[in-house]
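Visitor: Here's the letter readout for the chains.
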Amino acid sequence: MQSSSKFSTCNHCNLEFSNEVMIYETISTKQFSFCCKGCQGVFHLLNNEGLDSFYDKVGSKKLHQVTNEKTDLTKFDLDGFSKKYITNNDNLNEISLIIEGIHCSACVWLNERILHESDGIIDANINYTNHKAKITWDPAVLKLSDIIRKIQSVGYNAYAYDATLQEERTNKTRKEYYSRLIVGIFCTMNIMWIAVAQYAGFFTGITQGIKDILNYAELVLATPALFYTGWPYFKGAFYGLKNKIVNMDFLIVAGTFSTYVYSIYVTISQVGEVYFESVTMVVTIIFAGKYLEVLSKKNAVDSLDSISSSIPTEITVIRDGKKIIIDTTEVVIGDLVEIKPGEKIAIDGILLQGTGSFDESSISGESLPVYKKANDIITSGTVCLDSVITYKANKDLSHSMLQSITTLLEESLTKKPKIEKIANQISGYFSLMVLSMAVLTCVGWYLLGISFEDAFIISISVVVIACPCALGLATPVATLIGVTVGAKKGILFKTSSHLETMAKATTIVLDKTGTITKGSPDVIKFVRNEEFDLNILYSLVKSSSHPISKAIVGYIDNKYKNSHEYSLLNIKNIEARGLSAQYKNDKIYGGNIEFIKEMNIKCEINCSRSIFIFAINDKIICFFELEDQLKQGAIETIENIKKLGIDVIMCTGDNEIVANNIAKQVGISKIYSSMLPKQKANVVSELQHNGEIVITVGDGINDALALSKSDISIAMGNNTDLTVKVSDIIFINNKITTLYDALLLSRKVFSTIKQNLLFSLFYNFVTILFAVLGFVIPVVAAVSMSLSSLAVVGNSIRIKRIFKDG
Amino acid sequence: MDDNVVSAMLLVSLGLGSLGLGAFLWGLKTGQFDDANKFLDGALHDSEEDLNVAKKIKDRKDNLKKDK
Chain U
29 MQSSSKFSTC NHCNLEFSNE VMIYETISTK QFSFCCKGCQ GVFHLLNNEG LDSFYDKVGS
89 KKLHQVTNEK TDLTKFDLDG FSKKYITNND NLNEISLIIE GIHCSACVWL NERILHESDG
149 IIDANINYTN HKAKITWDPA VLKLSDIIRK IQSVGYNAYA YDATLQEERT NKTRKEYYSR
209 LIVGIFCTMN IMWIAVAQYA GFFTGITQGI KDILNYAELV LATPALFYTG WPYFKGAFYG
269 LKNKIVNMDF LIVAGTFSTY VYSIYVTISQ VGEVYFESVT MVVTIIFAGK YLEVLSKKNA
329 VDSLDSISSS IPTEITVIRD GKKIIIDTTE VVIGDLVEIK PGEKIAIDGI LLQGTGSFDE
389 SSISGESLPV YKKANDIITS GTVCLDSVIT YKANKDLSHS MLQSITTLLE ESLTKKPKIE
449 KIANQISGYF SLMVLSMAVL TCVGWYLLGI SFEDAFIISI SVVVIACPCA LGLATPVATL
509 IGVTVGAKKG ILFKTSSHLE TMAKATTIVL DKTGTITKGS PDVIKFVRNE EFDLNILYSL
569 VKSSSHPISK AIVGYIDNKY KNSHEYSLLN IKNIEARGLS AQYKNDKIYG GNIEFIKEMN
629 IKCEINCSRS IFIFAINDKI ICFFELEDQL KQGAIETIEN IKKLGIDVIM CTGDNEIVAN
689 NIAKQVGISK IYSSMLPKQK ANVVSELQHN GEIVITVGDG INDALALSKS DISIAMGNNT
749 DLTVKVSDII FINNKITTLY DALLLSRKVF STIKQNLLFS LFYNFVTILF AVLGFVIPVV
809 AAVSMSLSSL AVVGNSIRIK RIFKDG
Chain D
593 MDDNVVSAML LVSLGLGSLG LGAFLWGLKT GQFDDANKFL DGALHDSEED LNVAKKIKDR
653 KDNLKKDK
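Which chain is which? The protein sequence lines are U and D, in order. Count the first sequence with our numbering and you get residues 29 to 834, in order. Count the second sequence with our numbering and you get residues 593 to 660, in order.
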């Protein structure tokens, strides 16, 4: 192991620590060092179990430090828990877990091994990419809590999630769609080289015998492409017809299927040219677009699962003076609920005992913790940061804030696709028009006295020429390229049709915290009254997880490279005020102005921003001023968006002063402050009522309702709560500048689609005219079809150049 | 070129192609591509002991099937 003079590396987790805090141990003349008892324990366990080859596999990769906390595992054996998460099959239990702390494939190996070694485990399979595990076991031999204990014993943690809810379903569709796509691509690739032979044969001469062979080979390839790859379209068309709607699916089916039937007729009758290759190509290309949509949905669900599993399912209540853990659904109004530091609140209530700071950012968007005392209202979705409190539930789970927002969201989700309906209607009219024109052509020619067979072929040629190229390729190719270019820029479109709506948007509603600002305070001023050992301060703030402490840790880490921790004694976390501890013979304090005054230290600092003062004994040594700062590029982005002619509105849960301050900095004149989630949604509805097309950008549960109401909703990346579920577009890089990129991209894609449609409609108009008149010889149709497809594809590829110029 | 040669060539090439496609679809269905990283790194972690554990798990599953 590497070790410099002052630091040594832990033999388990590979993290570096100061020599002072290390635990040394000599095992058969070899010296080992550990950063904590937890790591030491795991190291011994692995050696005793014969799993020490784990360390060869890990190499020099750094792991999590093993936390020695013994969490209460009884909740895993409760009825409510097993009802929710465990499925029972033939007396075997199955559960899906997310394993925390997995860094590399060696971690996966270790977890699987430790589970496989224990009796009663039938199967344990851990996915390396998303850290999800599926475990099957015999409940007669061991309990779930034993399994979790096993995982914890080697230094990892596991929590359950409900796989049936989202993942299983999306995974299944993704796999199914992937198979369909692969079959489609295989058929297209093969049919194309056969088609090339046929094109060549047409110009250089080909015997009918060879032509027949090629035709039959194409038939064999086109059949699975149309009926297997294209099956979702047949299903869509069927359900459409059942509801008396002629939709886009029907157009695709009508076009490809009639071409297919016509080509079979040509193959058998040996007259004319076949169009199997265009059937296969059109089905596959359109399907590729659909597959991309499914794929991005899967990504969204993956990140959603790990978040929703952090919403508590059990809760500690005090009944008849006894603390019991029950399922959150069993809580009744009037129950006394106990919350420990770091726990998320699941039930609304009123605080009875204790005081503490609460992180309300996910509900109100307020970036700084809120201090609460007896009789204050506790809202679900907030997190208690620093103390043990008892409160009285005044609502049950289904009426609590968090749950009621979720319910409202689910309702609005089912109502959403308004725009899609309109798009479908238009394409429905188009396909009706084409179909009726085909019928009229057939009847017309028949009445003019030609044979029914010839009339039918002419009418089929109308459908063939109209369908595949016009709406078939113009939109999907452009959106496909748009979606891919977007993905490279960190913009994930859940459905490609959102590109179009986004391009038409007239108003943008922005959330403040986490969207325009970074969402956590930053040190903007550091005043040092006298020289001192900065590491003392560093050790003190490192002991707290309060956002202000974290900001200071980040600031010191950034500015002063070699800071390290001392061990402090008597660390106390005084709720919503500050920290105190002892270092050697000195008493050290860090906190806000009130805290310092309470400690009887003279303090004359005055500041409107958040402040953190550090004092040793009774002297103020230094202080920090902190503020939630703008995201990089926020000002330019908003200016650019305004230039596009889009109204920008800010809508935030924060108070008026903070809101106005930020709005002034970025140049937004319309501001709604102190908004609750429902009010935000009302603002959006009102705008829509006035005929605006609204984009909402947000990042927390507090924005979720507004997001679900708006025409286009965008979720900022790393704070993906419910937002991911309701949003249409996700910015994975969390930058506000991406918003402008997304707008540019969508406008570009939209204009390309318009050009494509215009071109192909004009083309259709001319060719349909010729087809109706019976002038189109099949080969002319084939060649012009390829040419028009090429024109559309080439025009769409220009979208790729959009970000290269700037 | 004789017609039969053309049809034989088509038959063989498409036959081989669909064989590969079939194998791929089978692999997909049995979950062999679900976790590419683990699958590839798994080769690094193979040892006699791991094989024994895998055998043990397989025996356990087989026993269960027999019991039914």
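Everything labelled a hint here was simulated from the structure, so no lab data went into it. A couple of the hints might just be wrong.
Partial list, computed: chain D residues near chain U (C-beta under 10 Å) [claimed, not checked]:
1) G623
2) L632
3) H637
4) K658
The calculated DSBU-like cross-link candidates involving lysine-lysine, where the alpha carbons are at most 30 Å apart (straight line), are [stated by the list, open to error]:
5) K670(U) <-> K516(U)
6) K621(D) <-> K615(U)
7) K420(U) <-> K111(U)
8) K272(U) <-> K657(D)
9) K647(U) <-> K612(U)
10) K203(U) <-> K657(D)
Covered stretches of chain D (in silico footprint by chain U; criterion: 3 or more residues with CB under 8 Å from a CB of chain U, positions within the stretch not fixed) [to be verified]:
11) 611 to 621
12) 647 to 657
Positions of the beta carbon are idealized from the N, C-alpha and C atoms, including for glycine.
Visitor: Now tell me, hint by hint, if it's right for this structure.
Guide: Status of the hints after comparison with the structure:
Interface hint at G623(D): satisfied, since its Cβ lies 9 Å from the closest Cβ of chain U, which is below the 10 Å cut-off. The closest approach between the C-beta of L632(D) and any C-beta of chain U is roughly 9 Å, which is under the 10 Å cut-off, so the hint is satisfied. Hint status for H637(D): holds, given a least beta-carbon distance of 5 Å to chain U, under 10 Å. At a threshold of 10 Å, the smallest CB-CB gap from K658(D) to chain U is about 13 Å, leaving the interface hint violated.
Between K670(U) and K516(U) the CA atoms are separated by roughly 25 Å; this keeps the pair inside 30 Å, and the hint holds. Distance hint between K621(D) and K615(U) is unfulfilled; the C-alpha atoms sit about 65 Å from each other, more than 30 Å. Straight-line distance between C-alpha atoms of K420(U) and K111(U) comes to about 26 Å, which keeps the hinted pair within the 30 Å bound. For the proposed pair K272(U) and K657(D), the alpha carbon gap of about 50 Å is over 30 Å, so the pair is violated.
Only pairs whose Cα atoms come within 30 Å are accepted, and K647(U) paired with K612(U) is accepted, the gap being roughly 17 Å. Proximity of K203(U) to K657(D) is assessed by CA-CA distance (about 28 Å); at most 30 Å being required, the pair is judged to hold. For the region 611 to 621 of chain D, the stated coverage by chain U is satisfied: 5 residues place a CB nearer than 8 Å to a CB of that chain, which reaches the threshold of 3. Given a C-beta distance limit of less than 8 Å, the hint that chain U covers the region 647 to 657 of chain D holds, as 5 residues qualify and 3 suffice.
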